[in-house]
Structures are given as structure tokens and as C-alpha cells.
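Q: One-letter residues, chain by chain:
There are 2 protein chains.
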Amino acid sequence: MKYAKLHANPKLLTAVDSAALQGFYGSRHPAIISEVISTLSEEEIWALIQRADKHLRAEIFSHLDEDQQISIVGTLNSRDVASLMTDMPPDKRTDLFKELPEALQESVLPALAQAEREDIRSLSAHEEGTAGAVMTSAYATLSPELTTAQAIERLREVAPDSEMIYYAYVLGEQRQLLGFVSLKKLILAQRSARVDEIMHTGVIFARVEDDQEEVARKIQKYDLLALPVINAQNALVGIVTHDDAMDIMTQEHTEDMEKFMGIGGAHEDAAYIKTGVWGHFRNRYPWVVALAMLGLVSGFIVQRFEGLLLQFAILAMFMPMLADTGGNTGSQSATLVVRALALKEITSKDVLRILGKELQVALLLAVLLGAIAFGRVFFFGGGSSMPEGFSLLRIASAISLALGLQVVTSTLIGALLPLGAAKMKLDPAVVASPALTTIVDITGLMIYFTIAKLMIGGL
Amino acid sequence: MKYAKLHANPKLLTAVDSAALQGFYGSRHPAIISEVISTLSEEEIWALIQRADKHLRAEIFSHLDEDQQISIVGTLNSRDVASLMTDMPPDKRTDLFKELPEALQESVLPALAQAEREDIRSLSAHEEGTAGAVMTSAYATLSPELTTAQAIERLREVAPDSEMIYYAYVLGEQRQLLGFVSLKKLILAQRSARVDEIMHTGVIFARVEDDQEEVARKIQKYDLLALPVINAQNALVGIVTHDDAMDIMTQEHTEDMEKFMGIGGAHEDAAYIKTGVWGHFRNRYPWVVALAMLGLVSGFIVQRFEGLLLQFAILAMFMPMLADTGGNTGSQSATLVVRALALKEITSKDVLRILGKELQVALLLAVLLGAIAFGRVFFFGGGSSMPEGFSLLRIASAISLALGLQVVTSTLIGALLPLGAAKMKLDPAVVASPALTTIVDITGLMIYFTIAKLMIGGL
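The listed protein sequences correspond, in order, to chains G and S.
Straight run, no breaks: the first sequence in the numbering used here ends on number 467.
Straight run, no breaks: the second sequence in the numbering used here ends on number 467.
Warning: the hint list may mix true and false statements.
Which copy is meant is left open, so a pair is good if it fits within one copy or across any two.
What the hints assert, rightly or not - In silico DSS-like links for lysine-lysine, alpha-carbon gap of 27 Å or less:
no.	residue 1	residue 2
1	Lys-431	Lys-229
2	Lys-193	Lys-100
3	Lys-282	Lys-433
4	Lys-282	Lys-229
5	Lys-100	Lys-352
6	Lys-62	Lys-226
7	Lys-62	Lys-19
8	Lys-226	Lys-192
9	Lys-229	Lys-192
10	Lys-19	Lys-352
11	Lys-100	Lys-229
12	Lys-357	Lys-19
13	Lys-357	Lys-282
14	Lys-226	Lys-431
15	Lys-19	Lys-229
16	Lys-229	Lys-106
17	Lys-226	Lys-100
18	Lys-365	Lys-352
19	Lys-365	Lys-282
20	Lys-62	Lys-100
No lab work stands behind these hints, which were simulated from the structure alone.
Given the sequences, and given the hints that come with them, work out the whole structure.
A: See below:
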């Protein structure tokens, strides 16, 4: 049987003989097997993964979407669930357990062995978004007095149940972290060398309560395969692996971008499709309504200068451009500053240096845009109605000056707000771009009408 | 000597004796050593890293910022440069070589050994942003007929020069990829088992010309430590490691976000600080100017309805709120769709499903905002000037209907544009949020004045 056919029609898999199925399993990554069979029914998926060996079964299952995992588990008896969960990686197992209906949790727990029960209890004790909540307990440890040969033998023993055997952590009697040694170092060392002679001592670690984003950044910065996590007593309680770090970074980036665009809610796998209409509505309306209210402030400013607008309709014509341009330049500088803060390229202490740079960039933009606006008004602005005796030159100067000032203030506000948020230990991305747009609309209209009033006067 | 003192004042390091320096080096990650000494002068840095063994020296040097690497190299003679570069990881070495001034390139090249020269030549032949440009050549390979014991021995031999010995690639005679085997599998297998009996065959790989983002996503999806890269002849030519995948993802995240906010340019390390004022200006002005021009279209619409505005100044008052709200709701749906497309949660084929969902969310937002606007106009709108005989009820209805329609069209446009870009194989993030804001300003003003004209009429 051709495998391509199976990819196209996974239902065929349910009918193949054992040898063909093992061939299919053997030559594929568990994530691919999982993807291929994910279109089948819960019963069919279970029947298929039952025929894989227990480690592969747990791996394929762990790669299924969490919702699908829950529905499959719902069709099984608690003994089968317990046996399946026993072979899952501890972090995935805990994630699944936390999502199960309470009745199922209660029936599964007694069916699990003592060790897994306690593991679930300790891994699920940590707050979402912390190192403790993303760590796994399937790590390898060594005693300092072992020889290299003994250490390699020990890693062989734990390998089937450890996610990461390429790093081994050397623990003291109270499970405190003495050092770590890589498998590379172990196989390169003399077989009789002691672990504590060859281990690295300055181990980079996280604490259980550390933010998951910090954890991912450390793994990235130091090119690690895993980062050890210690508790308040300085005892090793888990590790976060490089693949989890990538998932954390993706999730955090999405949340940052959504927050920056004024969208609430945490981001999980396949969130867009899975979130219902009400969920989307709840994530979006708060900013939209708040900013619509704030937008009315712009309205009041327009109303206050109604008289001026009635005389110089050309001012109304340039209003949208002024508002858009302020929003755009402000959002650009805010985006750059938010991102540079997130990447730790800058800190809130660099405020003067950043403002200096933004001011220079803004002045260049202001001159360019001011010149364009001046040309537009002066050469093509003659059609609009205005009282006798007002020169187009004066109006063109006023509009381009206002636009230039608007560009400079918006750019500086865009850079200052996220720096201020960072200074107050808030996430800089709370300075959502829509909010910024609305704020610089208000400052922009005030600048615009004030300059217009001063330079053109009106009656 | 206390190490904390050295962190605070790295200049002290230049004076410590050999034992203290080796102690400092031994207990620290090369990235930390690199960070500590990076504030010193080029000569001091070179003097310090000269005193580390040649592997550590190359590692510390590789962790320095690329600009700093170039200035240090500029102070050395070509033999020292060649010796330093020989020990650097091949991908970092090639990156540095490409940035060197041409004269230095020409003097360093002959000083390098044949193998490194060819390595630089082949690694630097690939276009930026492809798998070929980010891969490294420091990978481990095995012949299929080796026994496990021989394979482990072979990995021991290559370990000092290989970035990744935990994955070994099994090659045929033309260097074609037959399979791969992890060190974990090797140490768990019988010592007499042949590599081709225990290797995985369905190897996940990339081609040299593949986009670097695809490479990073594969590494993430399949939880890999490294991804093999093959050329047009299907021969293995390099690997991309997990740590490079994280760096690629960070870079791509930043570029996506900047593109989405209408900022051009590729993003490299510490780009915000390093990019000069002119560079920032060049990255930002094109969108800002283009959108300012487009914003004038809004101006023409306002001008066309000058008469209506002159009679009903209340319309001008609600104009900013209408424009802001359209921009905000459109940007929200665009952000969600762009991000869901980037994460492959949805494809452009899901267009109907997405529009259906966005329509429902938009209707909820429209009803909410319409009701707020109606209340605002009807209960507090009495102060504005308007001709005799026009009921506030009619004006309130018109404004809230226009706002509701604006919310619905903006949300749908915000979702449709990135889907359309994806359909045309463009990056969905080209539908920059500022552009969207300006576009929905135009559609919004047309909706607003058309409805106002129809429902209130005017003279």
C-alpha cells in the first residue's frame, strides 16, 4: 500500500494489517502521524494508537490538539486513561489533567501510580504563565561523586522516561543545584573522571515563579537545550525545554501584538478558530468603546472651532490627513520602541537618547510632509470657499506648520508612552496603537485649530 | 577576588592572575563572559580572550556583537584573524567574513586552511533569508553500516568541532540523506546493532532555498534540535540548529510587526539603536507620505459635502469618532487574521468561515456602538447649530446607523485584505494597519455623508 494514499485518506489506515501499520508508524514523526489521523473519529484514533507501542502511543496522543485529547479520553475507561497518561510527558500530562472534567479527574487520579499523582499535583500547583507552569519533571539528575562511565550508564537507564538526557543536573543532598554536565562533555571525558570534576558550576536557572517569557529569553540568549527551575528552597523541581521555549515565544509575541492593537485575552493554540463570536466580542469591545468615547473629545474640539470651520472649509478638508498622519507617525515610533523594549535592546533609562533620535527623525518627516501639504494647499487649494481678503499663502503656511508640529508631537508621544509604561513596570504594549491614534487625534486637532486661529484669525 | 566586583568593573579582569582568570572563565557561560567584557576596549578584549583556550576564545568572541567583532578583527594581523576564525562555528564565521572590509577578506582568505576557505565560500553563496544562509556545516554524519559502538566512537571524535552531536545524519555515497539517529537512540541500542537498523528513515528536512521562517516553523512543529538542509542534488549541505531557529523567529516576529505598522527594513540585532536617523527616516517615510496623500481623498469627500457640514455642524463633531472607530475595528480584525494566517491556524481558503465570524462580531459591535452614539446625539446633542425643523431623532438615527455600517464594513475589510494578500501569495502583513486605517476613513466618510444626505437631506 502506498503511504501517500494513507495521507490523503487516513480511513484506510484503520483497515491495514499490522506490518503495514508498523511501517507507517516507524518512518514518520509522531507529529505527522498525529496530523494524519486527527481527521478520524475519537474511536478510530484510539483504535489506531492502541496498536503503537506505549511510548509512541503517548507521543502521538500528546501531539493531538488538546480538545481532541479531551474527547478521546472521554470515550475511555479510567484505567485506560491512567495507563495512557502514565506514558505522556509530565508537562503535557498535567496540562491535559487540568482540562479534564472534574468527575473524570476524580476517577482517573486513583488509577494512577503514586509517583504520577504527586507529579500532577506539584506541576499543577503553579500559576499560569510562570516557569513552574511550563516546566516538566522528566529531567535527568546525577550525583557529584559518580564517574563519567557511571553517569553515562545512569543516563541510559533514565533515557526512556526523560525528555532531555543531553543535559544532566548534578544535585546535592537537598536536591540543590551543584552543576550541570552535557552528554557531549560526558562522552568526551575520561571514563574515570568524576562528574564534579567536569561539571559546569555557574548554572543558569530560573525560579518557579519567574515569568515564562523570561525563561524563554534565557534559553534563547544562552543557546540552551533546557533551563533548570528551582523552588524557594533552591531545590531543582523541573526543567523547561527548548521546544517549549519556542512555543512560549510564539504565544507571547501573538499576545503582545494583539494587546498592542487593543485586543484582550490570552492566546492559545488555534485561538482564532476556537474562540466563539461572544469571546471575540468580549476581547474587542472594551477598547473600541473606550476609544469611541475618547474620540468624542475630538468632536468637542471640532465643535468649539465650528465658527472657524464654517469660514474656512479648507480646514475641514485637511483634518482627516492631519489626524491620519499623526496616528501613523505616532504608531510607528511606538511600535519601534515597544519592540526594542521587548527585545531588551533599550531600557526605560535610555529615554533621552531615544527622544533625541525620535525628534530628529520626526523633524525630517515634519519638513517633508509640511512641504507636501504646503504645495497641495498653495497650488491646488483655490477652489474652497473662504472669506475675501485671506491669502492662500497664509492658510498654506498654517496648515503645513500644524501638520509638521503634529508629526513631531505624535512621534514623541508614541515613543514616550511605552517608555513610561516600562518605567512603571507595566508591559509597554499596553500603550495600544489604537489608543495612541485617538490621543494624537486630540492633540493634533488642538494644534491645528490653535495655529489656524492664531495665523488666520477668523472673524 | 570577588567575581561580583569583576562584573561591575571588568577592567579589573585585565589585571588578575592566570588562575583567577581561568576560575572566572570556567564557571561562566561564554555569553555572560562576552557581556561582561564587551564594555572594554578592542585591545583589552583581545588580550583577555587570548588567555582562554582556543575553543572558549572563539565562543566568547562569537557572542560579541557583530560590529564589535569587526573592530577587534581590524586590530589584528591576518594570521591571528585566520586562527580565531578557524575555531568559530562555521555559520558565525561566515557571517563575520561577509561583513569584513574587502581588503581584510582578501588578506585573511589565504591564511585560512583549504577546508575553511571552501566552507566560507559555500555557506556564503546563499541568498539572505534562506535556509542556506542560516545553516551551519558543523554537523555529524555516519555511514549506515557502522555499529552503534562505532557510531558513538565517531561522534566522540567529531564532538569538539560539531555544534550538534545529539543528532547524527546517516548519508549514502552521494551524501544523500538516508536517515538520522539521535545520540539517545545510539546509547540505548545494542552496541552491535547497525546504524541503518536503528535509524529513523522519514527524515524531516529543508532545501537550501527554503525561506528561513519555514525552517524555524519546522523545528518548532517537530520539536527538533536541528533540521538538515539539502541541495538540488539531494545531498546534505548543512543543518539549522534550534538556537538559530529561535533567533529567526524573533527576527521574523519583529519584521512582521513593523511591516504591519508600516515600517520598512529588515530587522537585525539591536537595530533600533544602531540604525541612524536617516535609516529610520528611510524606513518610515514611504508609508507616511503615501498615506498622507491618500488621506487627502478623505479631504475631498469632506469638501464635496461642505454644504451639508455647514448646515449641520453636529456632523463634523462626530466625524473623528467615526473615523477612529472604523480604524480601530478594522485593525483589530486585520491583526487577528494576519496573526492566525502566520500561525497557520487558518488559510485563505477559510474566507467564508472567517467572514461569517467577523460579520457576527461586527454586528454585535455595531449595535453596541450605534446605541451609544444614538444616546449621545439624542440626549446631549441639542447645543449644536442646525436649521429649523430638523428633528434630533432623525440626526441621531442617521449618525448611529452610519457608525454601525462603518463598524461592519471596516471589520470585513480588515479581515478581507490580509486574506486577499495571502491568496495572492503575498505576506498578509503587507496590509499594514495604517493603510487600513486610511482606507476605512475614506469608506467611512462616504458612508457617513451618504446616509446623512439621504436621511437628513439638507437644503
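Q: For each hint, tell me whether it holds in the structure or not.
A: Okay, the hints, checked on the actual structure:
1. Lys-431 to Lys-229: within (23 Å within a copy, 36 Å between copies)
2. Lys-193 to Lys-100: between (29 Å within a copy, 22 Å between copies)
3. Lys-282 to Lys-433: between (32 Å within a copy, 25 Å between copies)
4. Lys-282 to Lys-229: Between copies only: 20 Å across, 33 Å inside.
5. Lys-100 to Lys-352: Intra 31 Å, inter 22 Å, cutoff 27 Å: inter-copy only.
6. Lys-62 to Lys-226: For Lys-62 and Lys-226, only the inter-copy Cα distance (25 Å) is at most 27 Å; the intra-copy one is 34 Å.
7. Lys-62 to Lys-19: within (22 Å within a copy, 57 Å between copies)
8. Lys-226 to Lys-192: For Lys-226 and Lys-192, both the intra-copy (21 Å) and inter-copy (25 Å) Cα distances are at most 27 Å.
9. Lys-229 to Lys-192: Classified as both; 20 Å inside a copy, 25 Å across copies.
10. Lys-19 to Lys-352: Between. Shortest inter-copy distance 24 Å satisfies the 27 Å Cα cut-off; intra-copy 50 Å does not.
11. Lys-100 to Lys-229: both (25 Å within a copy, 15 Å between copies)
12. Lys-357 to Lys-19: Result: close only across copies, 24 Å inter versus 60 Å intra.
13. Lys-357 to Lys-282: between (41 Å within a copy, 17 Å between copies)
14. Lys-226 to Lys-431: Cα proximity of Lys-226 and Lys-431: one copy only (22 Å, versus 37 Å across).
15. Lys-19 to Lys-229: between (45 Å within a copy, 24 Å between copies)
16. Lys-229 to Lys-106: between (31 Å within a copy, 23 Å between copies)
17. Lys-226 to Lys-100: Both: 22 Å inside a chain and 20 Å across chains, each within 27 Å.
18. Lys-365 to Lys-352: Intra 18 Å, inter 37 Å, cutoff 27 Å: intra-copy only.
19. Lys-365 to Lys-282: between (43 Å within a copy, 11 Å between copies)
20. Lys-62 to Lys-100: So Lys-62 and Lys-100 pass the 27 Å test inside one copy only (16 Å; across, 42 Å).
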